[in-house]
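Listed in order, the protein sequences are those of chains A and B.
Residues 59 to 481, numbered by this note's numbering, are exactly what the first sequence covers, in order.
Residues 180 to 349, numbered by this note's numbering, are exactly what the second sequence covers, in order.
Check the hints yourself; a few may be wrong.
EDC-like mimics (lysine to aspartate or glutamate), calculated; alpha carbons at most 20 Å apart, straight line [what the hints assert, rightly or not]:
(1) B:K293 / B:D329
(2) A:K382 / B:E346
(3) A:K191 / B:D331
(4) A:K243 / B:E246
(5) A:K308 / B:E243
(6) B:K215 / A:D333
(7) A:K291 / A:E241
(8) B:K340 / B:E286
(9) A:K382 / B:E286
(10) A:K89 / A:E241
(11) A:K481 / B:E286
(12) A:K243 / B:E286
(13) A:K243 / B:D331
(14) A:K90 / A:D70
(15) A:K307 / A:D333
(16) A:K243 / B:D335
(17) B:K215 / B:E194
(18) A:K307 / B:D335
(19) A:K191 / B:D329
(20) A:K243 / B:D253
(21) A:K481 / B:D329
(22) A:K477 / B:D306
(23) A:K95 / A:E78
(24) B:K215 / B:D253
(25) A:K86 / A:D70
(26) A:K463 / A:D333
(27) A:K191 / A:E322
(28) B:K239 / B:E206
(29) A:K262 / A:D70
(30) A:K416 / B:E286
(31) B:K293 / B:E243
By construction, these hints were calculated from the structure, which means they are not laboratory data.
These numbers come from a predicted model, not from an experiment.
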Amino acid sequence: MEKPLTQQIKYDGTWLTLKEYEQAGGYKALKKALKMKPAEITQIVMDSGLKGRGGAGFPTGKKWSTIDISGNAATIRYMVANADEMEPGSFKDRLLLEGNPHQLIEGIIIGAYAIQASFSYVFLRWAYHLAGKALTQSIQEAYDAGYLGKNIIGSGFSLDMSLHISVGRYMCGEETALLNALEGKRSNPRAKPPYPSNSGLFGKPTIVNNVETLSNVPHIINNGADWFIALSKTGEGGTKLYGASGRVKKPGLWELPLGISLRELLEEHAGGMADGYQFKGVLPGGGSTDFLLAEHLDVAMDYASVAKAGSRLGTGTIIVLDDKTCPVGMVHNLERFFAQESCGWCTPCREGLPWTAKILNALETGTGKAEDLNILEFHTHYMAPGNTFCALAPGAMEPLQSALKYFKADFEMHIHEHKCPWK
Amino acid sequence: MYYQMLTAKIMVMTEKILTSGDITEIETVFQHFPLKSAACIEGLKIIQKNHRWVSDNAVKELAELLEMSPAAIDSVATYYSLIFRRPVGRHVILVCDSVSCWIMGYEDILNHLKSRLKISYGETTTDDRFTLLSICCLGTCDHAPAIMIDNDLHRDLAPDKLDAILENYQ
């Protein structure tokens with residue numbers, strides 16, 4: 059089984075130096091890419107089926123193709139790597155950042171060439187200190203070796219790269235909010251359109267891609283679109299970093315063919331449930347995805363199949379709910395998080411999320427009323443996609459709406475017994 | 180005339196917070212951005228790195244430097260959870276309270292820290308040693324529960340492991 063993203067990673071707390079990365083075939087893809095036309099690279103990435111690994115799953119090549127690269131060569135464009143991994147329950151980009159930063163840097167340079175960007179940023183969350191060190195050192199190495207800066211390895215293409223270390227707020231992961239943060243502002247989302255590919259950072263055409271997405275790019279250039287598609291189990295293209303947390307025997311992170319079943323992930327890789335715990339449900343791709351149940355365990359963990367089952371692949375890091383953990387308490391924890399992390403820019407999110415968190419707290423402390431369930435239900439429609447500025451509130455409603463659907467009896471027990479039955 | 184004298188007097192009386200070193204560091208950051216105001220977050224980070232927190236006067240001085248209003252700076256400073264607008268202790272403890280750590284029992288970790296240090300979230304011990312804050316998902320969910328003290332990640336925690344860890348932070 060091929061593991062292009064992680065096969066070089068040493069898992070000893072150190073990352074591949076430039077020399078080690080080159081010895082393992084690193085920067086070959088860049089040399090190849092710089093001899094191609096930018097549009098050819100975008101086409102290969104489009105043909106590979108690579109989709110955004112940050113959670114939204116938008117086709118990467120299609121995103122790049124929205125940048126107009128014709129016309130004035132002096133036009134400033136930006137390439138931004140989103141390394142602001144803050145989705146609750148997600149810990150996949152950390153491995154790539156700490157273990158193989160040059161793979162990401164090479165991916166950024168190739169992406170920047172494809173969209174003809176002259177400047178690139180890595181937007182890193184503050185808490186990833188080791189990743190910060192790894193990137194600082196690796197960006198410098200790339201400059202010293204001529205992979206960054208003016209006239210990269212004699213190709214005539216020039217690119218600068220700068221590391222931005224953020225100072226908190228989940229909102230920064232939303233791409234337009236991230237651009238505001240990079241401009242030194244509050245990370246409120248921007249209205250779309252215009253999309254960042256027309257008017258992004260400092261009003262210039264900009265592409266924002268996730269770390270795992272960009273780390274795939276050198277491998278696609280080296281091995282081709284067909285190879286990438288063949289890596290996946292269900293034809294969506296590539297491997298995926300899958301993770302598991304909660305009361306499982308072996309919580310962890312694994313690079314596996316995209317489209318393995320939820321059961322394989324849970325039972326073979328995570329070792330099944332920890333002793334004394336039964337499976338009750340799972341968030342398949344981070345805190346802002348809908349619950350799935352035991353009946354969904356044979357669902358393939360790819361974009362289309364998880365969507366068909368009523369949830370989202372999201373970040374591919376599953377959070378397991380066991381029988382000794384209260385589902386209402388779990389949703390309360392999530393809604394309190396989303397309420398806290400709302401930027402306050404639009405009313406449904408700013409007012410609605412604290413309201414849901416308050417009701418869930420009432421249920422947990424035994425003061426919930428029968429009509430509370432209707433109010434929670436109302437909010438899942440009130441904050442549905444299209445009613446808010448960005449995806450934070452609709453994402454926040456995903457675990458709530460599915461919990462109301464699948465664990466309704468548990469909600470009702472909190473009301474009838476005037477307490478949390480798990481406490 | 181009187182106003183000018185008064186402001187001159189105030190200027191003399193108020194000791195500047197930002198050192199020339201701070202200012203040089205902040206000015207270096209300008210170069211990376213097409214606009215001075217884009218260095219706002221970086222400026223706040225530099226002030227906090229060198230002074231542990233960002234005081235009202237520091238906000239005013241940064242505003243002058245970046246040609247922004249103090250209110251605009253403060254709207255950014257108070258928005259970001261890791262910019263401290265109140266004094267913090269020598270060590271800042273960040274407790275992950277997100278979902279995986281919640282499932283794995285972070286509340287026991289928090290309760291132990293609260294009773295051991297006799298402080299709640301947002302408070303600092305009387306000896307100025309620790310400040311206790313929450314943080315959202317630290318991205319190490321396969322090793323939950325986790326906390327961060329200063330720049331160090333501590334994972335796979337249990338309440339009985341905490342006292343020995345705290346000893347390393349004097």
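**Q.** Unsatisfied constraints (hint numbers, rising)
**A.** Hints 2, 5, 6, 7, 10, 12, 13, 14, 16, 17, 21, 22, 23, 25, 26, 27, 29 and 31 contradicted; others consistent.
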